[in-house]
Amino acid sequence: MRKYLLALAVALLAASLAAPSYAADFKYTGIFRIRGITAEDLDRNENLHDGFQYYDALVRPRFTATSEGGRIWAIYELDYNSGLGGVGSGGANHLFGSTTGDAVAAVNRWLIDFAVPGTTLRARVGRTDYTDPTSEIFDSNGLHRQDGLALYGRLFGPVSLSVFTVKLSEGLTAATDSDNYYLALKWQAAPQIAITPWFGVSRRNGTTAATDYSRYYYALHGQAKLGILDLELQGIYENGTHAENGGVGGRDIDLDAYALLLRSWLTFGKLKLGFYLTWLSGEDNPDNNDFEGFVFPTQAGALDIPNIITGVRYSTITRAQTGATGNNLSSASGIGTGTCTQASCRANGLLVPELLAVFQVTPALDIVGNISYVESAEKITSDGFTNDKDVGWVFEAGLKWKIYKQLALWGFGSYLSAGDYGKIEGGRAPDDAWALYYELRHTW
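In mature numbering (1 follows the signal peptide of the UniProt record, and there is no 0), the protein residues as written are -23 to -1, 1 to 421.
Worth flagging that the hints you see were computed from the coordinates, not collected in a lab.
Since we're looking at a predicted model, the values are computed, not measured.
It cannot be assumed that every hint is accurate.
Keeping only pairs whose Cα atoms sit at most 25 Å apart, straight-line, the calculated SDA-like set for lysine to any residue is [what the hints assert, rightly or not]:
| hint | residue 1 | residue 2 |
| --- | --- | --- |
| 1 | 144 | 249 |
| 2 | 366 | 202 |
| 3 | 202 | 139 |
| 4 | 247 | 366 |
| 5 | 249 | 346 |
Just the calculated beta-carbon pair ranges, DEER-fashion [as the list claims (entries may be wrong)]:
| hint | residue 1 | residue 2 | range |
| --- | --- | --- | --- |
| 6 | 370 | 239 | 41 to 51 Å |
| 7 | 361 | 420 | 48 to 58 Å |
| 8 | 404 | 383 | 30 to 40 Å |
| 9 | 361 | 246 | 33 to 43 Å |
| 10 | 202 | 174 | 12 to 22 Å |
| 11 | 370 | 404 | 20 to 30 Å |
Quick reminder that beta carbons are idealized off the backbone N, C-alpha and C, glycines included.
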């Protein structure tokens, strides 16, 4: 009997080895994050009390399945108790000191990615980050994560393709659709040099002519590594129609705008020095049917400029705290129409030169910082305000400490020495602003 059982076991083992396997490799990872902010006068007006202290927390488990030798892989990522403004937030949030109940689980990211048979391309469908080469125009920091479709990979020789569309609004009635589109060809001109022309569209089919828009982006991106220099440059021209103005016989508002992003780093051993330049054109004449201010694609745009301005570089919690989202210092896009009220003056385009530094104290500890000058590209177009464009000087510094391989502590401080942009004629000057950011993150 024992011989028969042994023979049966050997036969079953041989059959299992010979039969095709359809099981996927499964991996479970994730993050646990606690973050906080202490800030004062982010509206640059100390007469309106807006100081706050705030903490939130989230758990983000990720499930990754890979099959067919890597030809197919999929991700399903949840958010539990995501803070204010978190993508996929389930409603209530886990806020320290709050009596609000825990949020329900929400999907932060899901996607299926697979090789296209007979080609060198891959296809992707799902909610994830669909980006341009800088990840600042079509951004990738989770502020604007959308459902989309993509095709990407090597097209031929040194040329690669990236094309995607994301759905911003899908209605079951007429005139409710809104979408972004993107097409890029990357040419690897040399091992250390890449050139990428790309074309983007942001379009909305509104219920009225006053809410329709079609924005077109013509961009050229270049990236190079030359010795100790890492250089990235992107220029964009934007045109199209912004909307129709009101009244009988009104015509489309024509877009005619520009943007330039320069990102460069010099590496000297443990020290890295950076120079950034960010320029977005502004609106200089609100009394015609042309709009010269750069407008980001809808639900996109996250500029890597001082954290106290856009809430992107070091911590996104500035945007997450509702007390900071209504003022001129925490707009993800960093641009406005040039209009202003006493309570709010968004920058009218941007001009931001910066010096940055990263010093590796130990393999586990980095000291980072930046000195930045922030100016509106154009003056305020509303009446009753001075012609000043100076938003102010920003000084930021902090640390990134890897306590253990999977446990990190980040802490940063930001101070804005306010300029006179937004000053009312005959009124008081804007006040300085400051913020402290901290985050403890465990990955597994």
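Notebook entry, point to check: What are the numbers of the hints that this structure violates, sorted from low to high?
Noted result: Checked against the structure, the hints that fail are numbers 1, 2, 4, 6, 8 and 9, while the rest are satisfied.
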